[in-house]
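Chain by chain, the residues run as shown.
Number of protein chains: 2
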Amino acid sequence: MRTRILLSVCIIAFNLNAQENLIQYVNPMVGTQRMGHTYPGATVPFGMVQLSPETDSVQYDLGKSYNKNVYAYCAGYQYDDPTIVGFAHTHFSGTGHSDLGDFLIMPTEGKLQLNPGTANHPAGGYRSNYSHSHEKAEPAYYRVNLTDYNILAELTTSSRVGFHQYTFPQTDSANIILDLSSGIYNHTEKNVWTFLRVENDTLITGYRQTNGWARTRTVYFAMTFNKRIEKYGHHKKDQGPYKGFYRKFNESENFPEMAGQDIVAWFGFKTQDQEKIKIKFALSSVSTEGALQNLFDEIPHWNFEQTKKEGQAFWNRELERIKVETISPDDKKIFYTAMYHSFLSPIIYMDTDRQYRGLDQNTHVAKDFTNYTIFSLWDTYRALHPLFNLIQTKRNSDMVESMLAHYDQSVHPMLPVWSHYANENWCMIGYHSVSVIADAIVKGVYTKNMESALEACVNTASYAPYDGLGYYMDYGYVPEDKNSSSVSKTLEYAYDDWAIAQIAQRTGNSKLTNEFLKRSESFLELFDSKSGFMRPKLANGNFKKSFDPMDTHGQGYIEGNAWNYGLYVPHQPAKLIELMGGQSRFVQMLDSLFTMRLDDKYIEATEDITRDGIIGNYVHGNEPGHHIPYLYNWTDKAWKTQERVRMICKTMYADAPDGLCGNDDCGQMSAWYIFSALGFYPVCPGSLEYAVGSPSVIAATIKMENGKSLIIKTKNQSDKNVYVKKLLFNNKEIKNNKLNHNELAQGGELVFIMSPKHSRK
Amino acid sequence: MRTRILLSVCIIAFNLNAQENLIQYVNPMVGTQRMGHTYPGATVPFGMVQLSPETDSVQYDLGKSYNKNVYAYCAGYQYDDPTIVGFAHTHFSGTGHSDLGDFLIMPTEGKLQLNPGTANHPAGGYRSNYSHSHEKAEPAYYRVNLTDYNILAELTTSSRVGFHQYTFPQTDSANIILDLSSGIYNHTEKNVWTFLRVENDTLITGYRQTNGWARTRTVYFAMTFNKRIEKYGHHKKDQGPYKGFYRKFNESENFPEMAGQDIVAWFGFKTQDQEKIKIKFALSSVSTEGALQNLFDEIPHWNFEQTKKEGQAFWNRELERIKVETISPDDKKIFYTAMYHSFLSPIIYMDTDRQYRGLDQNTHVAKDFTNYTIFSLWDTYRALHPLFNLIQTKRNSDMVESMLAHYDQSVHPMLPVWSHYANENWCMIGYHSVSVIADAIVKGVYTKNMESALEACVNTASYAPYDGLGYYMDYGYVPEDKNSSSVSKTLEYAYDDWAIAQIAQRTGNSKLTNEFLKRSESFLELFDSKSGFMRPKLANGNFKKSFDPMDTHGQGYIEGNAWNYGLYVPHQPAKLIELMGGQSRFVQMLDSLFTMRLDDKYIEATEDITRDGIIGNYVHGNEPGHHIPYLYNWTDKAWKTQERVRMICKTMYADAPDGLCGNDDCGQMSAWYIFSALGFYPVCPGSLEYAVGSPSVIAATIKMENGKSLIIKTKNQSDKNVYVKKLLFNNKEIKNNKLNHNELAQGGELVFIMSPKHSRK
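Going down the list, the sequences are from chains Z and U.
Number 447 in this note's numbering belongs to position 447 of the first sequence; there are no gaps in the numbering.
Number 91 in this note's numbering belongs to position 91 of the second sequence; there are no gaps in the numbering.
Among the hints, a few may not be true.
Since the list gives no way to pick out one identical chain from another, each pair is judged satisfied if it fits inside one copy or across any two copies.
Straight-line C-alpha distance at most 30 Å; calculated DSBU-like pairs for lysine-lysine [stated by the list, open to error]: (1) Lys544 - Lys248; (2) Lys703 - Lys726; (3) Lys448 - Lys511; (4) Lys545 - Lys248.
If you are wondering where the hints come from, they were derived from the structure by calculation, not from laboratory data.
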């Protein structure tokens with residue numbers, strides 16, 4: 001046995017140094033079924049273009065109210081759908097709210113149809129049937145047969161340019177539809193304006209302006225064909241008068257300037273059999289001029305294979321930041337798919353000349369940083385940004401700069417809450433930018449403008465009109481009768497305030513340190529020793545009377561119940577345990593959480609997850625509890641963390657379309673997996689401490705941007721040997737189940753000695 | 001008598017050299033009653049801001065169809081209206097179609113009302129009663145008492161910044177309404193999007209995006225108060241969801257970011273008695289950043305009087321390009337009011353940093369010229385641009401550059417037809433940019449890029465999809481059965497082609513010269529020797545059968561009938577006369593035109609004029625006939641031109657609100673007056689020739705930008721002595737009733753010796 005283990009270690013060491021084609025382990029289909037809300041299409045790491053199929057679009061007749069159908073299409077694609085409507089250029093990855101879906105392109109053959117049709121009757125519109133057996137999704141490459149038209153569709157991208165390649169049969173009626181009315185969002189009139197110019201016989205420019213989740217958003221494009229357009233035209237639903245026309249032009253055909261609320265344009269060609277119509281489609285937030293420059297700068301040729309190759313090489317470079325050897329081949333796929341999903345957002349949000357449109361709608365220049373957007377911060381501050389502080393430090397520093405630029409441009413004195421495309425949509429609660437900034441500062445990743453960063457954080461945390469924050473500052477907690485979800489808000493504000501104190505401390509501001517440390521104890525106000533839960537309190541100081549700790553609605557929480565969300569004191573777990581009656585009682589409580597049987601009514605009311613995303617009453621499919629499995633570490637039953645983490649890794653993630661148990665939430669769900677698979681987790685971002693879990697990998701090499709490597713090895717690793725018998729860092733035993741980021745960041749070797757049995761402790 | 005004449009000449013000479021306050025002779029109220037369509041508000045010469053009262057706005061319930069009510073409010077103000085709705089920042093001067101009216105501001109006191117109310121029930125909204133006795137309009141200054149609120153409103157401007165000064169009573173409820181939903185246009189949903197940020201307690205920025213006559217137009221603003229805003233808020237009709245709000249903010253009050261289709265914002269103050277709330281309001285086509293820079297650059301202080309003084313000094317500098325002495329004081333007012341109206345458009349269309357938004361919606365920089373917009377070319381090519389070639393040569397050269405920039409940015413290979421704010425609205429017919437360019441080139445005013453200019457003109461004249469132009473090129477005329485208004489179009493194209501030939505000739509391109517000279521004879525195709533009129537012809541070569549030369553509708557003409565418009569061959573009057581049976585018969589025809597009695601039904605069907613704008617069947621209130629009074633010059637009855645011109649000057653223009661007999665059309669009607677009052681007129685722009693008329697002034701000094709002056713003197717001038725007995729230029733007698741522009745431009749003395757009796761000839 002011993003010999004065999006040594007042998008396997010050798011093999012691992014060899015593999016880790018080889019040039020490996022890691023993209024083979026990525027399955028972009030993971031999460032496309034049920035509630036993962038990922039998309040299968042082509043994109044490059046942190047790329048502005050996400051060129052991906054839509055399997056249904058929000059129909060105008062769905063009405064204005066938010067509904068499940070819209071929710072299902074947050075990323076445009078649902079695995080079980082039988083038809084593809086077209087290929088759009090922008091998509092969120094894993095969100096629980098919808099937007100984007102800009103610039104839908106669909107190739108068709110034969111009769112020109114300018115409406116999408118329906119899944120039940122695809123022949124009534126431009127959509128097509130397809131089958132998964134003739135579909136392939138890889139990083140930076142997507143392919144599908146559009147069976148209704150006998151057209152092979154292939155997609156690849158650079159950062160800002162989508163590259164389409166459509167192989168047609170021989171026909172006099174090859175059509176490319178560009179539907180500017182199509183988009184993802186639950187609003188009948190999302191489109192504010194669309195504008196399109198046929199600049200010459202191969203080049204189109206234009207823009208789409210929407211009022212969606214992003215209230216005021218314009219995306220510009222430049223689109224070019226590899227073949228001369230024979231004829232073109234458009235249809236629009238609105239018939240706003242363009243006075244001059246009625247005497248002068250036929251606006252609908254071969255008129256090169258189209259404008260209106262919802263343009264559907266078409267371009268007609270003749271093709272030989274197997275002829276490829278190629279399209280390069282560049283985006284910009286600034287102007288069509290910017291889009292055109294992006295197009296020239298990024299893909300100055302017509303070689304689809306070259307762009308695909310470059311995109312996939314880009315992915316390999318990013319993925320090899322962590323090389324792992326896993327127990328099973330599936331685990332390797334799960335790991336690299338998680339890496340892939342972690343590197344999809346935030347996205348680059350600037351042109352090649354560094355210009356971008358800001359919150360003030362003016363054009364800004366990101367002089368000395370790369371500007372990013374799509375900050376789903378209530379999700380991603382937990383593990384995604386901490387992951388970046390380990391393996392994407394340059395990008396994370398730039399993301400902090402991007403958040404500070406947001407702050408500078410915003411008319412509210414606030415850092416982003418949930419922002420995308422220079423719009424604040426105010427989704428979810430807290431002001432977790434401050435956590436991301438604190439974590440980056442504490443870990444030495446962000447070093448540029450510390451004082452400005454502190455000022456931005458303090459002002460954010462002092463903006464009284466925001467979401468009960470004025471009450472929080474006045475009362476020391478958010479009173480439920482003043483502002484709902486008051487417990488969740490109080491707990492998150494308290495943690496965020498602790499994070500601000502860390503920044504204040506690093507910049508030597510003891511006044512602010514003390515002020516925010518004091519604020520960070522506000523969670524104490526809401527603990528009800530009688531019920532043993534964090535509980536909503538009223539302005540008069542009394543707890544709200546009726547209280548159901550199992551319910552996620554109306555109990556002072558949002559997207560979580562008191563059992564889960566009430567454990568949210570990441571900066572003071574020991575204090576929380578003390579409040580809850582000490583270690584023994586706390587362990588009992590955690591055990592109950594993971595094992596209790598939840599009534600169906602509670603399961604059905606739980607947001608953003610599938611039934612598979614729940615273990616007992618523990619919800620892994622949503623974020624508030626992501627730190628909970630690690631809380632046993634603060635008791636004498638740390639082995640229970642190890643057990644639970646391995647169980648979650650094994651049951652909540654899979655290499656399958658339904659392989660995510662809830663929304664991936666811009667990579668947070670995947671980042672949780674990556675940390676946990678490596679054996680540690682950042683329970684409290686803003687501190688240097690990682691809680692030790694149980695690695696599911698056999699070995700890993702983490703290449704950091706400082707040139708150092710952290711090598712993770714296991715001994716006696718197997719699916720059954722989930723308990724950490726001994727942990728060594730650079731040959732020194734770690735006895736407290738804690739690792740220090742700064743020490744790990746200096747590189748070295750972390751050796752987990754695994755066991756099928758847990759220690760007493 | 002002789003002594004007296006000499007004395008008066010001496011006095012005139014003295015006056016002409018004095019520094020005169022010419023703005024005292026300008027009455028901005030002229031044309032505000034009936035169909036002049038001018039506005040009385042404050043503006044500087046060619047200024048981007050036209051800050052002027054609205055006496056009614058287009059109500060949403062007026063429906064979509066174009067109607068007289070909308071037409072009446074092309075400039076926002078109708079003299080007979082009893083109420084003022086507010087003060088908006090952009091207005092056309094004298095057009096026959098509506099748009100603009102951006103950013104309506106209204107001060108109110110007491111109850112906050114966010115709807116405009118109605119003229120019948122002003123107390124139901126924010127509008128106020130007013131009276132002309134407490135109203136004053138001067139160049140760059142407008143003042144009115146808003147009697148419902150006891151507020152004195154005063155307005156002045158710089159080129160890009162409107163300056164408001166409102167004197168309030170003592171109140172705790174002083175309100176400033178900023179209605180972004182208000183505008184001028186006959187469309188229920190003109191607004192595409194409005195956006196507003198309260199940047200701090202004195203500064204607001206934002207924009208308004210419209211789909212009006214300009215199909216895609218965005219104007220940005222920066223607005224600052226001299227006093228801190230106490231509270232603010234907004235209302236909007238559309239209730240598009242902004243998801244994050246419902247839990248977090250009260251969007252309607254003190255929320256600093258407003259967006260939606262039709263924001264009506266308000267700002268609340270407390271005032272002492274007689275306290276002035278001042279507002280500076282800057283425009284930009286580029287961005288709010290550009291607007292703010294314009295504000296800082298142009299009015300960096302709060303001294304209303306200083307801005308007014310500078311604006312009025314600017315006017316005096318522009319007006320004194322021509323100094324006149326007139327027979328009556330009224331004539332002087334009419335003259336300088338005409339000068340004023342001639343200098344209102346085109347307007348400057350770029351920020352102080354020379355950036356502006358182009359037709360491609362991208363930001364452009366006018367490197368070495370001032371960019372202008374609002375080109376009402378079917379009107380203004382006739383006399384306004386020729387006037388500029390005499391007294392505004394720098395500006396006219398830049399206007400040519402602006403038109404060429406339009407050509408470069410347009411996705412159509414065409415120069416502007418009727419363009420404003422980087423939008424082509426395709427109004428009226430022809431491609432008269434080429435006339436403006438030819439006139440500027442022939443007169444040596446435009447000298448920069450002659451080859452590019454020629455190319456732009458030729459491509460414009462070769463764009464087959466445009467308005468029957470393809471048929472024109474194929475058939476040699478526009479066939480009425482292929483494209484309506486075919487005679488008007490053929491005649492105008494023919495003239496424009498002649499203008500292009502002039503440019504081709506100047507650049508030495510004999511091929512194009514010949515080609516376009518040939519095209520310029522296409523008018524010959526449509527003369528029907530049987531009826532004696534220009535008559536619509538069908539594609540088969542036959543004239544259209546039914547034909548009523550009195551009717552302006554359905555007879556192959558637009559906004560004119562065969563009697564008037566059929567005389568439109570400005571480049572070959574002699575040929576026209578020959579076609580029409582020779583001089584004697586032609587004179588008879590002109591005499592009939594001016595003296596015949598027109599049936600009421602024809603008068604009612606005549607566009608854009610009042611009944612007063614017609615003399616017999618001659619329509620002075622619209623443009624197609626503006627050259628007609630001068631056509632006698634090509635016969636042996638030139639004295640009839642002199643008689644008619646003086647008659648028109650006397651009867652069609654007045655110093656009164658209804659002092660314009662039709663739309664001023666961006667200064668064309670006024671420019672006709674200026675030329676005619678000086679004694680000559682450019683019948684055929686693109687040639688150097690002026691036709692001599694009969695001056696109505698006693699004397700004039702025209703200061704040209706080359707440093708030369710043209711001095712006009714009369715002898716024996718009076719209202720009765722309308723005939724030119726003798727004409728001397730630099731002491732040399734002019735015998736052919738023609739003057740040469742290049743000779744006049746070298747300066748000198750033009751002496752008209754007037755007589756109460758005409759010569760035989």
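Against the earlier hints, flag every one the structure doesn't satisfy and list their numbers going up. none
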